[in-house]
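First to last, the protein sequences are chains Y and V.
No gaps in the numbering here: position 102 of the first sequence is 102 in this note's numbering, and each next residue is one more.
No gaps in the numbering here: position 12 of the second sequence is 12 in this note's numbering, and each next residue is one more.
Among the clues, some could well be false.
Which copy? The list can't say, so a pair holds if one copy fits it or any two copies do.
What the hints assert, rightly or not - Below, computed lysine to aspartate or glutamate pairings styled on EDC-like, alpha-carbon distance capped at 20 angstroms:
#1 2 to 28
#2 73 to 28
#3 73 to 5
#4 2 to 63
#5 2 to 77
#6 2 to 86
#7 2 to 87
What the hints contain is simulated information worked out from the structure, not anything from laboratory work.
2 protein chains.
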Amino acid sequence: MKVRDYLQIEPVEDVPGVLRRVAIGAEDGAPRFAMRVFEVSPGSSTPFHSHWWEHEVFVLSGEGLVKSQEGEKSIAEGTVVYIAPDEEHCFTNSGNDVLRFICVIPLENKV
Amino acid sequence: MKVRDYLQIEPVEDVPGVLRRVAIGAEDGAPRFAMRVFEVSPGSSTPFHSHWWEHEVFVLSGEGLVKSQEGEKSIAEGTVVYIAPDEEHCFTNSGNDVLRFICVIPLENKV
Numbered sequence: 001m002k003v004r005d006y007l008q009i010e011p012v013e014d015v016p017g018v019l020r021r022v023a024i025g026a027e028d029g030a031p032r033f034a035m036r037v038f039e040v041s042p043g044s045s046t047p048f049h050s051h052w053w054e055h056e057v058f059v060l061s062g063e064g065l066v067k068s069q070e071g072e073k074s075i076a077e078g079t080v081v082y083i084a085p086d087e088e089h090c091f092t093n094s095g096n097d098v099l100r101f102i103c104v105i106p107l108e109n110k111v
Numbered sequence: 001m002k003v004r005d006y007l008q009i010e011p012v013e014d015v016p017g018v019l020r021r022v023a024i025g026a027e028d029g030a031p032r033f034a035m036r037v038f039e040v041s042p043g044s045s046t047p048f049h050s051h052w053w054e055h056e057v058f059v060l061s062g063e064g065l066v067k068s069q070e071g072e073k074s075i076a077e078g079t080v081v082y083i084a085p086d087e088e089h090c091f092t093n094s095g096n097d098v099l100r101f102i103c104v105i106p107l108e109n110k111v
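Okay, chain Y solo, but in the shape it has when bound (with noise of 0.2 angstroms):
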């Protein structure tokens, strides 16, 4: 087994405001999938797109809002979003803390 504060993790910054976390992947022998976890400052985003893998978040603190083409839903601490593949999505920190999720992805795609 494999155990730690996900905090000792360096994060990557790949959209400006956005820090991901590789909290388990294949690094760590996981064959299936990556569950990383984002921080999103307050104010900012992930880019509105799509891709062929799905998402399944879990937010952990903050206040944030989550949007598709169906339209736009609150997120807070305890809310759990599923994302389909190929579904459009983004997500925006609309508080004014730090908006921390967990997001699991299938191992195919580069984490």
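Position chain V against the provided structure of chain Y, taking the given hints into account.
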């Protein structure tokens, strides 16, 4: 997309003192893996067992121990745990509050 608070989901008590909620699973259309949220009451433990599927775990709150054949490690909010396929393991609540964690598994397994 599907958006809801995980507390809206009816929990199942497979083991005394251990509640399991399927936050995202096959019923939501998820094709590959399922996200569950566990609540272990103080003094309770999941069984020490192994199975062909891996676990990717993120601790939400509480204090506990994760045990494998390698030994025992402390877990708390923000701890991530990777349990490899066929690795024996259990999670024990060693604190005074509920131990809550996310556990993602491949969907070939029954959730």
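Against the structure, the hints come out as follows:
no.: 1; hint: 2 to 28; in the structure: within (7 angstroms within a copy, 29 angstroms between copies)
no.: 2; hint: 73 to 28; in the structure: between (34 angstroms within a copy, 17 angstroms between copies)
no.: 3; hint: 73 to 5; in the structure: between (30 angstroms within a copy, 12 angstroms between copies)
no.: 4; hint: 2 to 63; in the structure: between (30 angstroms within a copy, 17 angstroms between copies)
no.: 5; hint: 2 to 77; in the structure: between (26 angstroms within a copy, 16 angstroms between copies)
no.: 6; hint: 2 to 86; in the structure: between (32 angstroms within a copy, 14 angstroms between copies)
no.: 7; hint: 2 to 87; in the structure: between (33 angstroms within a copy, 11 angstroms between copies)
Violated hints: none; the structure is consistent with every hint.
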